[in-house]
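Visitor: With the hints as extra help, turn the sequences into a complete structure.
In order, the protein sequence lines correspond to chains A and B.
When we follow our numbering, the leftmost residue of the first sequence carries the number 1, and every step to the right adds one.
When we follow our numbering, the leftmost residue of the second sequence carries the number 1, and every step to the right adds one.
Note that these hints are calculated values from the structure, not bench results.
Hints are supplied without guarantee of correctness; some may be wrong.
Each computed DMTMM-like pair below joins lysine to aspartate or glutamate, with the alpha-carbon atoms no more than 20 Å apart [said to hold, decoys possible]: (1) A:K426 <-> B:D14; (2) A:K426 <-> B:E70; (3) A:K418 <-> B:D14; (4) B:K199 <-> B:E179; (5) A:K426 <-> B:E161.
Covered by chain B, according to a simulated footprint, are these stretches of chain A (three or more residues, beta-carbon under 8 Å) [claimed, not checked]: (6) 4-10; (7) 339-350; (8) 424-430.
Residues of chain A placed beyond 12 Å of chain B at every Cβ, according to the derived structure [to be verified]: (9) S47; (10) Q59; (11) R107; (12) K130; (13) G153; (14) G184; (15) P196; (16) E248; (17) P270; (18) L294; (19) A333; (20) E397; (21) I417.
By construction, the Cβ of each residue, glycine as well, lies at the ideal position given by its N, Cα and C atoms.
In case you want the letters, here they are:
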Amino acid sequence: MIAKLAWRNIWFKPLNTLLSIILLASSVAIITVLILLQKQFEEKFSSNIDGVDLVLGAQGSPMQLILSSVYHIDNPTGNISNDSAKVWMNHPFIEKAIPLAFGDNYRGFKIVGTNSDYLEKYKAKIAKGKLFDKNFEVVVGSEVAQKLNLKVGDTFFGSHGDAAEGEVHDHYAYKISGIASPTGTVIDNLILCNIPSVWQMHGTHEEDAENPEQSSTEPSRSEEDEHIHTEACNHDHAQHETDMTLNEPNMEITAVLLKFRNKMGIVMWPRIIAQNTKMQAASPAIEINRLFSLFGIGLKALEYLAYAIMLISGISIFIALYNRLKERKYEFALMRINGASRWQLLSLIMIESLILCFVGFLFGTIFGRFALGFISNSAEDDFKMTFNPIEIVWQKETMLLVATLIVGIIAALIPAIKAYQLNISKTLANA
Amino acid sequence: MLQTKNLTFFYNKDTQFTFPELSCDASKALLITGNSGKGKTTLLHLLAGLLRPKKGEISIENTNISSLSEKQLDQFRGKNIGLILQQSHFIASMTVLENVVLASWLATGKKSVQKAEKLLAELDLVNQKHKLPSQLSIGQQQRVSIARALINEPKLLLADEPTSSLDDENAFKVAELLEKLSKEYKAALVIVTHDSRLKNKFSNQINLN
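Guide: Printed below as a string of structure tokens:
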């Protein structure tokens, strides 16, 4: 009955109530989005980093190298010579080296030349079909297969570069040999083939043979060269009766993911490689830490903003309750006359405030998830990265609920104590 | 039923009230008159247990209410004392019927909906029961507070200037109802007023002057 009365009282002044709820809900929504975003973001980033100690790639920004070769959300820094990369890949310090060659895309999904180690690293199994074996056989990631509705045995033409509008390579068709199982990592959004497929598709080894070093340091130029030469390449391919293999000399790859047997190398190699070659070795852990700390400033600012809004909503609830106290003191005196105890009045005000906060929290978590769904959609378009709005981060969200309710209790404290201490006789005598 | 002895109260040294002995039996009415500042409302608050006397005793149904704890007094008041005030106050967010039912719930923990409907019918408020109190006329509001005071069948019905804000017709009607219903519910009725219109209606009177 007290709860019912509290509920009625809340809606007796709907505008006050609405204001308090909107303020609370928006702060809860922001915090919810931050909680989910931060958790899923870090999960996504850290799960992709697993087992990659260093990335070997062309010189340029180390973060760009990491973002492009590990997360596939930026352009590559350029290409490196396969022959010089092999020297480092076969070094005794190395436990595993996974070469990556970026080539084309199919409707915005990157086609990456690599080997079976890449699938193993992400614990991806072949859900249907088999692994790529011959040139131009591909394994598609689970998301790609689902979104483009691809089946084993389908064939398609890739477009050049990483833009879906790129020039179509229609002289060779890719054939789907298998579909990978979902892993929750970048691999779900990739199309994988062997490295010679990428080489053969572009058939530029003759050009590269002339100046392999230069092309590795000037990626934009080499890409232009490729464009110019594609038509000329046609007859070139015709002469290629046999498929290219990994042993082809003077070829290029984009990056190599390195896992060390000897951890010393992780510290030593970045400097050694920078000094002795035209390549660089970047540590994903360091670069991602740097990225998070850059993000962190923004996230922290948003978090403080959300707490400020929560404080304001607490004050708004306090003011609403306190202002109504004056007009409601006769109500309270009356309830006391009818047999209500002091504690019932105190709990009435507390419950009113707590209902407000709980409703605000509820709306906030729901709005927050809608917002995250929205963010997820645009992140998917831009970065092929999705967030799960339905996930519940129990520990942090329970803490948020508790914090919201504490705001409610504090806001109601003074009005509730005033109601508790109400002098009935004086109130009625002055009526 | 109601019995007071040596009742004394003061807010400070300058305003000290010593009240004459009062007694009122069930189904009987007692009119307490007096000019402003003579302690009429103070006496009523003492009888209702809203104030505690500095000296003397108030016994209602053989219970000395000054010996009750704050919590016991809240419960005793809810069950045994019905209070009608000069200006009616209500829970603004609840309907007339809910206001009356709330009074029964606060006192007994049960919701006497049927009894509340019966009382409202007796007070000619059937058509008003689903309205908010603020939508009623002052005369109607006063009758709702009578219903609310009677819902728990109190032993003692206290009325503080129940008619002073009403016109002659409504004042007479309210006085009639109070007398009739206190007899029906076997409650002792104590009216505190300076309204001379009531003086002719009740024979049992005490003047505080």
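Visitor: All hints are to be evaluated individually against the structure, with a verdict given for each.
Guide: Consistency of the hints with the structure:
1. A:K426 <-> B:D14: Holds - the C-alpha atoms of D14 of chain B and K426 of chain A are around 18 Å apart, at most 20 Å.
2. A:K426 <-> B:E70: holds, 17 Å
3. A:K418 <-> B:D14: violated, 29 Å
4. B:K199 <-> B:E179: holds, 13 Å
5. A:K426 <-> B:E161: OK: K426 of chain A and E161 of chain B at ~16 Å, within 20 Å.
6. 4-10: Held - the stretch 4-10 of chain A has 3 residues with a Cβ nearer than 8 Å to chain B, which meets the minimum of three.
7. 339-350: With 5 residues in contact (Cβ-Cβ under 8 Å with chain B), the coverage given for the stretch 339-350 of chain A holds.
8. 424-430: holds (count 4)
9. S47: The assertion about S47 of chain A holds, with a minimum of 53 Å to chain B.
10. Q59: The claim stands: Q59 of chain A keeps its Cβ more than 12 Å from every Cβ of chain B (closest is about 72 Å).
11. R107: holds, 60 Å
12. K130: Holds, since 71 Å exceeds 12 Å.
13. G153: holds, 69 Å
14. G184: holds, 51 Å
15. P196: holds, 78 Å
16. E248: holds, 83 Å
17. P270: holds, 70 Å
18. L294: Non-interface label on L294 of chain A holds, nearest chain B Cβ at 52 Å vs cutoff 12 Å.
19. A333: violated, 7 Å
20. E397: holds, 32 Å
21. I417: Holds, since 16 Å exceeds 12 Å.
Of the numbered hints listed earlier, those contradicted by the structure are 3 and 19.
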